[in-house]
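Protein chains: 2
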Amino acid sequence: MVQSSKKIQVVPEPTIRRMPSYLAFAEGLLRKGQQFVSSTQIANYMNIDPTQVTKDLSYTAIVGKTRVGYEVKALVEVLSEFLGFTVMDNAFLVGAGSLGSALLHDSGLSHFGLNIVAAFDVNSSTIGKKINDIEVFHIDQFRDLSQEMNVIMGIITVPAENAQTVADLMVAWGIKAIWNFTPARIKVPDDIIVQNTTLYSNLAIIFNKLHNDRKETR
Amino acid sequence: MVQSSKKIQVVPEPTIRRMPSYLAFAEGLLRKGQQFVSSTQIANYMNIDPTQVTKDLSYTAIVGKTRVGYEVKALVEVLSEFLGFTVMDNAFLVGAGSLGSALLHDSGLSHFGLNIVAAFDVNSSTIGKKINDIEVFHIDQFRDLSQEMNVIMGIITVPAENAQTVADLMVAWGIKAIWNFTPARIKVPDDIIVQNTTLYSNLAIIFNKLHNDRKETR
Numbered sequence: 001m002v003q004s005s006k007k008i009q010v011v012p013e014p015t016i017r018r019m020p021s022y023l024a025f026a027e028g029l030l031r032k033g034q035q036f037v038s039s040t041q042i043a044n045y046m047n048i049d050p051t052q053v054t055k056d057l058s059y060t061a062i063v064g065k066t067r068v069g070y071e072v073k074a075l076v077e078v079l080s081e082f083l084g085f086t087v088m089d090n091a092f093l094v095g096a097g098s099l100g101s102a103l104l105h106d107s108g109l110s111h112f113g114l115n116i117v118a119a120f121d122v123n124s125s126t127i128g129k130k131i132n133d134i135e136v137f138h139i140d141q142f143r144d145l146s147q148e149m150n151v152i153m154g155i156i157t158v159p160a161e162n163a164q165t166v167a168d169l170m171v172a173w174g175i176k177a178i179w180n181f182t183p184a185r186i187k188v189p190d191d192i193i194v195q196n197t198t199l200y201s202n203l204a205i206i207f208n209k210l211h212n213d214r215k216e217t218r
Numbered sequence: 001m002v003q004s005s006k007k008i009q010v011v012p013e014p015t016i017r018r019m020p021s022y023l024a025f026a027e028g029l030l031r032k033g034q035q036f037v038s039s040t041q042i043a044n045y046m047n048i049d050p051t052q053v054t055k056d057l058s059y060t061a062i063v064g065k066t067r068v069g070y071e072v073k074a075l076v077e078v079l080s081e082f083l084g085f086t087v088m089d090n091a092f093l094v095g096a097g098s099l100g101s102a103l104l105h106d107s108g109l110s111h112f113g114l115n116i117v118a119a120f121d122v123n124s125s126t127i128g129k130k131i132n133d134i135e136v137f138h139i140d141q142f143r144d145l146s147q148e149m150n151v152i153m154g155i156i157t158v159p160a161e162n163a164q165t166v167a168d169l170m171v172a173w174g175i176k177a178i179w180n181f182t183p184a185r186i187k188v189p190d191d192i193i194v195q196n197t198t199l200y201s202n203l204a205i206i207f208n209k210l211h212n213d214r215k216e217t218r
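As given, the protein sequences belong to chains E and F, one line each in that order.
Here the first sequence is numbered in full-length UniProt numbering, starting from 1 and rising by one per residue.
Here the second sequence is numbered in full-length UniProt numbering, starting from 1 and rising by one per residue.
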């Protein structure tokens, strides 16, 4: 369980987005045997201002020491816990197609606290198979299993046009958070957490820059 | 090739991020046989203001018609081309571990214009294997192949501590854009495009909301 005596405060999303990078940097230093790290050193690595680093880390329980900075080992522990990577949350994945299978293959997710316990599809050629030891069930079995398996998160990797239907099902079955990998925008009640991650949006950003560069140099 | 008579202009990143959602919506309407769509209809779907939709779409070549709005078929074509999804770009992936294999399994990438032509690793148990028909080579073979295969993009899915080394190699071998899936921040020359995509950052955002909610209700 995450236990904290700190006052609960809303952490800005850009801060949370930077934290896995702080963690990766601290883990690297830990492996090299470095004992302390300054906010300036972290800032140089991140290409941001040291005051931003200090501000970001002030949301966690870590306290820097004058002159030496943050203890690297403590920083790794505090950030991992703060980011929720030390608590296992159970998830269902709906849509065991190309992207869905890709995510089922990524055991990095479980390293970061996400335990995908089952996958669902409507495609009879996939149902009954195991992908990276995770069984694929027919979508109709969703309800019974979610209660049984204490699942609080749903991952949507179906085609965009089916995303809302799947989201509605997930809400009905008691899922608290939805990780939506489709470009579709889904509508859910206010108390349900939705995170949109569209890989192809990132791809579009790269292409836009690449192809504009090419046009400019013509 | 992308050819355009339009003046080249910098498109804001939030606009590009919304465009794959516009595209998904338009593709859905096309399948349903709807001929025209208004900016208000798109705005409702996206939960944003109609003026934002009009502004976003003004970066593309599409022109809306009074009263009826945008032609759906034209919208799909214009957005696909604008986002670079109709041009195939060749890419190398370095790091055929868990996340790397996951991306190699995602044939959606090629649907959106990204053709991963080869993968690289240093792990002898992976080298020589094919993942989703893409061969895994030893990293030392990178240079020769990149010239041979007209590769302009590199995807980094190695452990964070090796990201900079791989990025340096990619730059040396003539790669123009890097898609970095590690939480490490990489430093490259100004003319190289870098896009950071950290799946685990999105996971951290969900966890932060989930666990704070739980604490609040205690």
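Hints listed in this document are in silico derivations from the structure and should not be mistaken for laboratory results.
There may be inaccurate statements among the hints.
Footprint (simulated), chain F over chain E, 3 or more residues, beta carbon under 8 Å [unchecked claim]:
hint, stretch
1, 12 to 21
2, 45 to 51
3, 58 to 64
4, 88 to 101
5, 108 to 122
6, 152 to 162
Glycine included, every Cβ here is placed at the ideal spot set by N, Cα and C.
Consistency of the hints with the structure:
1. 12 to 21: holds (count 6)
2. 45 to 51: holds (count 3)
3. 58 to 64: Contact hint for the stretch 58 to 64 of chain E vs chain F: violated, 0 residues under 8 Å.
4. 88 to 101: Since three or more residues must qualify, the claim that chain F covers the stretch 88 to 101 of chain E holds, with 4 doing so at under 8 Å.
5. 108 to 122: holds (count 5)
6. 152 to 162: holds (count 4)
Hint check: a violation occurs at hint 3 only; the rest are consistent with the structure.
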